[in-house]
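Residue numbers (numbering that gives the first Met the number 0), protein chains in the order written: chain A, 0 to 380; chain B, 0 to 229.
Mixed in with the good hints, there may be bad ones.
Pair ranges (Cβ atoms, derived) [as the list claims (entries may be wrong)]:
no.: 1; chain 1: B; residue 1: E59; chain 2: A; residue 2: G21; range: 55 to 65 angstroms
no.: 2; chain 1: B; residue 1: E59; chain 2: A; residue 2: T284; range: 37 to 47 angstroms
no.: 3; chain 1: A; residue 1: V316; chain 2: B; residue 2: E207; range: 26 to 36 angstroms
no.: 4; chain 1: A; residue 1: G21; chain 2: B; residue 2: K218; range: 32 to 42 angstroms
no.: 5; chain 1: A; residue 1: G21; chain 2: B; residue 2: N22; range: 44 to 54 angstroms
no.: 6; chain 1: B; residue 1: G44; chain 2: A; residue 2: L287; range: 25 to 35 angstroms
no.: 7; chain 1: A; residue 1: L287; chain 2: B; residue 2: E59; range: 45 to 55 angstroms
no.: 8; chain 1: A; residue 1: A268; chain 2: B; residue 2: T61; range: 35 to 45 angstroms
no.: 9; chain 1: A; residue 1: P302; chain 2: B; residue 2: F14; range: 40 to 50 angstroms
no.: 10; chain 1: B; residue 1: T61; chain 2: A; residue 2: V272; range: 43 to 53 angstroms
no.: 11; chain 1: A; residue 1: V272; chain 2: B; residue 2: G44; range: 43 to 53 angstroms
Simulated coverage check for chain B against chain A, where a stretch passes if three residues somewhere in it have a Cβ under 8 angstroms from a Cβ of chain A [stated by the list, open to error]:
no.: 12; segment: 128-139
no.: 13; segment: 168-178
In silico DSSO-like cross-links for lysine-lysine, where the CA-CA straight-line distance does not exceed 30 angstroms [claimed, not checked]:
no.: 14; chain 1: A; residue 1: K368; chain 2: B; residue 2: K80
no.: 15; chain 1: A; residue 1: K367; chain 2: B; residue 2: K84
no.: 16; chain 1: B; residue 1: K6; chain 2: B; residue 2: K84
Calculated from the structure, these hints are not laboratory results.
Note that this is a predicted model, so its numbers are computed, not measured.
Here a beta-carbon is modelled for each residue, glycine too, at the ideal position from N, C-alpha and C.
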Amino acid sequence: MVNLAQKDISHSLGKFLVTAMGVGMLLGIVLIMIGVYRGMIVDAKVLLGDIDADLWIVQENTLGPFAEASRIHQDLKDTIRVIDGVAKAEAMTFQNIQLPKSPKPIRVVAVGFDPNGDINPINPDRIVQGRGINHSHYEIVVSDNTGFLLNDIIHLGRDDYKVVGITHGSVSSGGDPLVYISLKDAQTLQFSYTNTRIRNDRERGIKSVNTPMVNAIVAKVKTGYSVDKVAQDIRRFKYKSVYTREGQKEILTKNLIEKSSKQIGLFTAILVVVSTIIIALIIYTMTLEKMKEIAILKLLGIPNSMIIKMIVQETLVLGFLAFIFGNMFSHFIYDKFPKRVVLEAPDALMLFVVIILASIFASFVGVKKVINADPATAIGG
Amino acid sequence: MGEQSIKVENLVKRFGKGDSLVNVIDGASFSIDKGELVALIAPSGAGKTTLLMMIGCVEEPTSGTIYLGNEKVYENRWLTKETRKIRREKIGFIFQAHYLIPFLTVLENVTLVSQANGMSKKESEMIAMELLEYFDIADKANAMSSQLSGGQNQRVAIARALANKPEIILADEPTAALDSARSIAVVEMLKKIAVDQNVAIIMVTHDEAMYPLCDRILKIENKKVISSEI
Numbered sequence: 000m001v002n003l004a005q006k007d008i009s010h011s012l013g014k015f016l017v018t019a020m021g022v023g024m025l026l027g028i029v030l031i032m033i034g035v036y037r038g039m040i041v042d043a044k045v046l047l048g049d050i051d052a053d054l055w056i057v058q059e060n061t062l063g064p065f066a067e068a069s070r071i072h073q074d075l076k077d078t079i080r081v082i083d084g085v086a087k088a089e090a091m092t093f094q095n096i097q098l099p100k101s102p103k104p105i106r107v108v109a110v111g112f113d114p115n116g117d118i119n120p121i122n123p124d125r126i127v128q129g130r131g132i133n134h135s136h137y138e139i140v141v142s143d144n145t146g147f148l149l150n151d152i153i154h155l156g157r158d159d160y161k162v163v164g165i166t167h168g169s170v171s172s173g174g175d176p177l178v179y180i181s182l183k184d185a186q187t188l189q190f191s192y193t194n195t196r197i198r199n200d201r202e203r204g205i206k207s208v209n210t211p212m213v214n215a216i217v218a219k220v221k222t223g224y225s226v227d228k229v230a231q232d233i234r235r236f237k238y239k240s241v242y243t244r245e246g247q248k249e250i251l252t253k254n255l256i257e258k259s260s261k262q263i264g265l266f267t268a269i270l271v272v273v274s275t276i277i278i279a280l281i282i283y284t285m286t287l288e289k290m291k292e293i294a295i296l297k298l299l300g301i302p303n304s305m306i307i308k309m310i311v312q313e314t315l316v317l318g319f320l321a322f323i324f325g326n327m328f329s330h331f332i333y334d335k336f337p338k339r340v341v342l343e344a345p346d347a348l349m350l351f352v353v354i355i356l357a358s359i360f361a362s363f364v365g366v367k368k369v370i371n372a373d374p375a376t377a378i379g380g
Numbered sequence: 000m001g002e003q004s005i006k007v008e009n010l011v012k013r014f015g016k017g018d019s020l021v022n023v024i025d026g027a028s029f030s031i032d033k034g035e036l037v038a039l040i041a042p043s044g045a046g047k048t049t050l051l052m053m054i055g056c057v058e059e060p061t062s063g064t065i066y067l068g069n070e071k072v073y074e075n076r077w078l079t080k081e082t083r084k085i086r087r088e089k090i091g092f093i094f095q096a097h098y099l100i101p102f103l104t105v106l107e108n109v110t111l112v113s114q115a116n117g118m119s120k121k122e123s124e125m126i127a128m129e130l131l132e133y134f135d136i137a138d139k140a141n142a143m144s145s146q147l148s149g150g151q152n153q154r155v156a157i158a159r160a161l162a163n164k165p166e167i168i169l170a171d172e173p174t175a176a177l178d179s180a181r182s183i184a185v186v187e188m189l190k191k192i193a194v195d196q197n198v199a200i201i202m203v204t205h206d207e208a209m210y211p212l213c214d215r216i217l218k219i220e221n222k223k224v225i226s227s228e229i
């Protein structure tokens with residue numbers, strides 16, 4: 000039996016492929032949008048994963064340094080260390096800073112930590128050049144997407160910092176590159192007042208005190224101890240907010256990017272609907288172009304099922320080709336985006352199912368036109 | 000007297016309602032035997048194509064009776080829901096233009112209806128090739144209609160009309176787009192088909208030169224059909 004869809008597509012292959020490419024680009028954007036969301040999730044977990052802490056102790060009634068301002072005393076780490084069940088505890092700072100670079104400064108998140116401490120936030124697997132921080136002052140490790148090179152000097156605050164290491168793939172939950180400096184340097188940058196400010200405070204009668212503060216204490220729990228139990232003990236005795244790794248992950252992935260994900264989700268849904276409408280319009284137009292032939296087929300007695308099969312098959316082929324082109328397009332452009340875009344096979348598979356269902360739905364407009372076609376219109380004209 | 004192929008009794012077709020009611024055919028009665036080539040003539044707008052489409056089960060009459068072969072297919076209503084099946088199995092259509100499906104080859108156009116009737120691909124292609132050879136266009140079997148001349152396309156269209164071995168062929172001005180020599184050739188071919196295949200053919204035509212080639216003339220006059228010998 001002649002396959003009408005195959006014959007029709009072969010007859011106007013170029014036009015069909017260009018149409019599929021157009022729809023495919025739209026689907027490619029859908030995949031990119033999903034990839035942006037996936038990238039946000041991955042970015043949010045990078046720092047958490049690299050620090051690999053079981054507990055995050057932050058200022059009481061705050062969500063921690065990634066969600067809101069959190070200031071606690073640095074020496075709290077010593078108290079935490081002696082709590083039963085705690086294996087290691089270190090103080091850390093997290094702050095947004097601008098690295099001076101021509102033509103415009105680069106916004107980064109600086110992680111301050113004790114280079115001689117027990118918990119190091121730099122994942123050695125991410126270091127692609129140089130080394131980690133070894134000294135307590137004036138060394139910086141930067142992410143490769145900042146554009147700085149090994150041994151470059153970066154002026155921050157009152158001091159110059161030497162780039163001693165380059166990492167790859169280190170980003171903050173917001174997608175900004177991560178840089179690492181010593182805790183002392185980070186505290187100087189974050190908490191030290193300028194001379195003018197100190198003089199001004201004196202005139203106001205305010206006594207300036209530079210108490211060592213940090214944004215969070217991170218801790219590892221000994222094997223065999225319940226993380227939740229240790230967290231509960233710290234909450235009870237130290238009046239601090241304590242989050243487990245999962246809790247912190249939830250704050251990052253749910254609280255912080257929830258609105259972004261909803262926005263992307265809505266945008267993606269709109270794009271899928273637009274794609275469906277466009278496929279429906281294309282199929283409708285393609286059907287209209289064939290109305291004469293469809294009327295002839297009906298006049299010759301060809302059953303509706305055979306003509307409808309042609310319309311549905313063409314729609315499905317269009318949807319399938321558009322999906323292939325969409326995948327090719329998204330894989331071609333995804334790494335050109337400034338933020339991480341993660342393309343995952345299950346997302347592509349889900350879009351495939353959605354687009355096939357959308358194609359079947361879209362073919363209804365063509366099918367309706369076929370059913371209503373009057374064979375008598377084949378004659379004349 | 001041959002075996003009856005088409006019989007129409009008191010066929011009526013009206014369009015519109017109330018003040019806009021138009022009587023196109025009002026009580027047409029005639030019959031055509033197998034092997035007959037009959038010319039259907041009338042001025043433009045007199046209802047030739049409408050009559051043809053009613054016999055072809057495309058246009059529903061207002062009232063009357065239609066027999067195709069021994070089967071009564073219409074008596075004030077279609078007596079079957081499968082009018083399309085009747086068209087596919089009993090009727091071959093030839094039009095003024097060839098109306099071949101542009102995305103199918105010559106062979107696929109000719110085999111389409113017989114395959115839709117359930118005939119195997121091999122058998123339908125064998126019959127189609129025989130027909131294409133009969134019409135001297137077998138070498139164009141794999142060509143698209145856009146690669147053929149007007150005359151060749153019309154021959155393919157006639158081959159398509161015959162591929163399902165119809166009892167009736169309805170030809171709506173098949174020679175209108177052809178020059179006189181080709182028109183005569185086509186009508187002579189139809190006459191030969193009518194005799195060879197024992198098929199009843201009704202041919203709508205305005206060309207008086209074709210009348211002598213036909214067995215009979217059916218003329219629509221005063222919304223009725225009058226039969227006359229050549």
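Taking the hints in turn, this is what the structure says about them:
1. Look at E59/B against G21/A: about 43 angstroms separates their beta carbons, and that is not inside 55 to 65 angstroms.
2. Distance hint for E59/B and T284/A: a CB-CB separation of about 31 angstroms, inconsistent with the stated range 37 to 47 angstroms.
3. For the pair V316/A and E207/B, the beta carbons lie near 51 angstroms from each other, so the given range of 26 to 36 angstroms is not met.
4. About 56 angstroms separates the C-beta atoms of G21/A and K218/B, a value inconsistent with the hinted range of 32 to 42 angstroms.
5. Between G21/A and N22/B, the C-beta spacing of about 52 angstroms keeps the proposed range 44 to 54 angstroms intact.
6. Taken as a hint, the range 25 to 35 angstroms holds for the pair G44/B and L287/A, whose Cβ atoms sit roughly 28 angstroms apart.
7. For L287/A and E59/B, the Cβ-Cβ distance of about 25 angstroms falls outside the hinted range of 45 to 55 angstroms, so the restraint is violated.
8. A268/A and T61/B have their C-beta atoms about 52 angstroms apart, which leaves the hinted 35 to 45 angstroms range violated.
9. One distance hint, 40 to 50 angstroms for the beta-carbon pair P302/A and F14/B, is violated here, with the actual separation near 28 angstroms.
10. Hint check: T61/B to V272/A, Cβ distance near 47 angstroms, so the stated range 43 to 53 angstroms holds.
11. Under the hint 43 to 53 angstroms, the C-beta atoms of V272/A and G44/B, about 49 angstroms apart, fit the expected range.
12. Residues of the segment 128-139 of chain B with a Cβ under 8 angstroms from some Cβ of chain A number 0, which does not satisfy the need for three, so the listed coverage is violated.
13. For the segment 168-178 of chain B, the stated coverage by chain A is not satisfied: 1 residues place a CB nearer than 8 angstroms to a CB of that chain, which falls below the threshold of 3.
14. Proximity of K368/A to K80/B is assessed by CA-CA distance (about 20 angstroms); at most 30 angstroms being required, the pair is judged to hold.
15. Taking the CA atoms of K367/A and K84/B, the gap is near 21 angstroms; set against the 30 angstroms cutoff, the hint holds.
16. A threshold of 30 angstroms between alpha carbons decides the hint, and for K6/B with K84/B the separation of about 19 angstroms falls inside it, so the pair holds.
Violated hints for the displayed structure, listed by number in ascending order: 1, 2, 3, 4, 7, 8, 9, 12, 13.
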